[in-house]
Amino acid sequence: MRGHVIDPSPTPQGAAAPATNVTRAGDVRAMAARRRRRLLGLAAVLALLVVACLLSVAVGAKQIPLDNVWHALFQPTGTEDDVVVRSLRLPRTLLGLVAGIALGVAGALMQGHTRNPLADPGLLGVTYGAAFTVVLGIYALGVTSLYGYVWFGFVGALLASVGVFLLGSVGRGGPTPVTLALAGAAMSNLLYALTAVVVLLDSQALDVYRFWKVGAIAGRDPDLVVQVLPFLVVGLVVALANAPGMNALALGEDVARSLGHRVGLTRGLGIAAITLLTGATVAVCGPIGFIGLVVPHVARLVVGADYRWILPYSGLLGATLLLLADVAGRVVARPGELQVGIMLAVVGVPFFIVMVRRRKLVRL
Amino acid sequence: MTTEPTTQTPSPSVAEQVRVPGRPAVRLAGASWVLRLRMLAVAVVGLALLVLVMAVNIGRGDFPISVGEVLQVLAGGGTRAQQFIVLDLRLPRSLTGVLVGAALALAGAITQSITRNPLATPDIVGITAGASVAAVSVIVVGGSYGALSGPLADIGVPVAGLLGAFGTAVAVTLLAWKRGIESYRLVLVGIATHWLLLSVTFWLLTLGDVTDAGRAMIWLTGSLSGRGWEHVQPVALALLVLVPPALIGSRVLGALQFGDDTARGIGVRVTPARALLLVSAVGLAGVATAAAGPVVFVALAIPQIAMRLCRTAQPPLIVSAVLGALLTVTADLLARTAFGGAELPVGVVTAVLGAPYLMYLLARRYREVRA
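Residue numbers (full-length UniProt numbering), protein chains in the order written: chain A, 1 to 364; chain B, 1 to 371.
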């Protein structure tokens, strides 16, 4: 991890630095050096992610040596190891990968748009929107299939998020960080309460809900991943396109507007990206909220305040953390396993606290 | 209350000329306040409504008593039967609601002010999550594995909640401590701890059988069901002990709003002031959570609602407490009576009542408010 702990003084104004008219040669050199360090750091995180993927395929109730993993991936012959890798481990690893990237990026966007360090990707009501429609589907319509849960969850997440955005936007001035955060919190609480009503009325819904709530990437149908993949890809592209606008917004709305940015458009795109990324992930995996909360802070500690760097770092770190937590969940409770949502907090929180204590904090 | 830092004025004649535009000041001996009529009106109306809703809440039930009779009994009259029903059976429950609501809202107002973050609640130091882990373990371990039986489990839950809340608060503070407390670091450490404990709570929910999970869910949303005088006393005591330091400490909240450095620059001793406020908030929220479970939404929304109703720049403490009590008791009334025979946990109704109102206030947007 040494490789990417690089920027000795992440400047809060780092976002503005590339835009200023740099004249002195020293500054140019410093910027080039910083860019090189950031790229190197990104490569280091990428390498770590590859290791995490390999571990995720190899480690589990049945240990599979790495050469057998290789064998299963590139010239499968139908041995037992091949079947385990191709039908169980690989889909799970892929799901972990995309979910981690999506949640990391969505978390960074969410914290940027609300300018609140407490914001997680579920803040727009996405998590509880999904939870409410899932339990409602079970209670009122008798939905029992996993597919049913996924699409009910996705629709709920979308509706809740759109509702929050509209609610935060009415009145003059359009959506501001504070109104978005508060509208999201109000909506989340309302939906949580309604979920609790349904769950208390119907113990069958409670039984599904309590397992859904912890969040897991195990035992999901590979087809499901393929079905939500388009939403994730679109969300990711929109998110990355949103990064320069986020840098401008970080200077404050008035400054951003006077620099010629269309604030409303940037916000709208950002919220759309968050909704797609989080909605699809929550629908498939359940709420794994912690990743989107923590990973952007870690990314900010590493690269400073430039969203063009924060977003890729967040995505890659998110996937790495998610996969490592999933592997840890399989190791600690062998031959069973702990769900990744729980392991994430258990693995991630101590790491995060050490990080927060040791480094100079970068404010939003 | 939320006054501007008082400036020492050289002579009375000058002092009379120093006025906050449009806001009359009250000066009593050495102290002075800005008189905010709107805030006063909200507080008075809130209190009146609170008494009314409490009386209705006490009156409703298997043995209905009219509002007038309830008030009579409370004043010392009424028949023996009415006295027994009102004073021994129903009053403690309503009082628990009042005290818990007030304590949570007050704690929320304090934490939102000192962190300058509208999303901050006592959760940021892990109160709710710590209490939840402890209480849910008692429920699940006590229920499914029979390690604790009936009455012991009943006493065990609040006590475990209290210990969990305070233990977590102390742990978070120590983890965030680095030559003093910086609120940004405290918030980050606290929210991480909150998630950790919350995850453990949800994991515990998957361990037990589904009936225990149901009981735990009721506790997790906050419930006033079956609360008696033994629940009123500790919360009342905590309020008596903790509210005065909170109100004294709140003098500096206005200055803290400008940020730590500015507050220090205008002469506020930031660390002791914030420590005092934080300890009061933690104590209030911890005791309230132990008594009724984490009644959701009160600590988050009420300060914001109060701020918008009073049109102040930051959450007003006393008005928050009154409105918190009002919301909790109203929610309890609805939870008990609006759904026929079934009784919902009060936390469900607080959010269903409070969230649309907060949304309405957000949509009306009197003005840009940044907490």
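Hints were generated in silico from the structure; no laboratory data involved.
Remember, it's a predicted structure, so these values are computed and weren't measured experimentally.
One or more of the hints may lead you astray.
Said to hold, decoys possible - On the chain B side, residues computed to face chain A include the following (Cβ under 7 Å): (1) 119; (2) 167; (3) 170; (4) 171; (5) 174; (6) 189; (7) 191; (8) 195; (9) 205; (10) 207; (11) 348; (12) 351; (13) 353; (14) 355; (15) 358; (16) 363.
From the three backbone atoms N, C-alpha and C, an ideal C-beta is built for every residue, glycine too.
Give me the numbers of the hints this structure contradicts, sorted from smallest to largest.
2, 3, 4, 5, 10, 13
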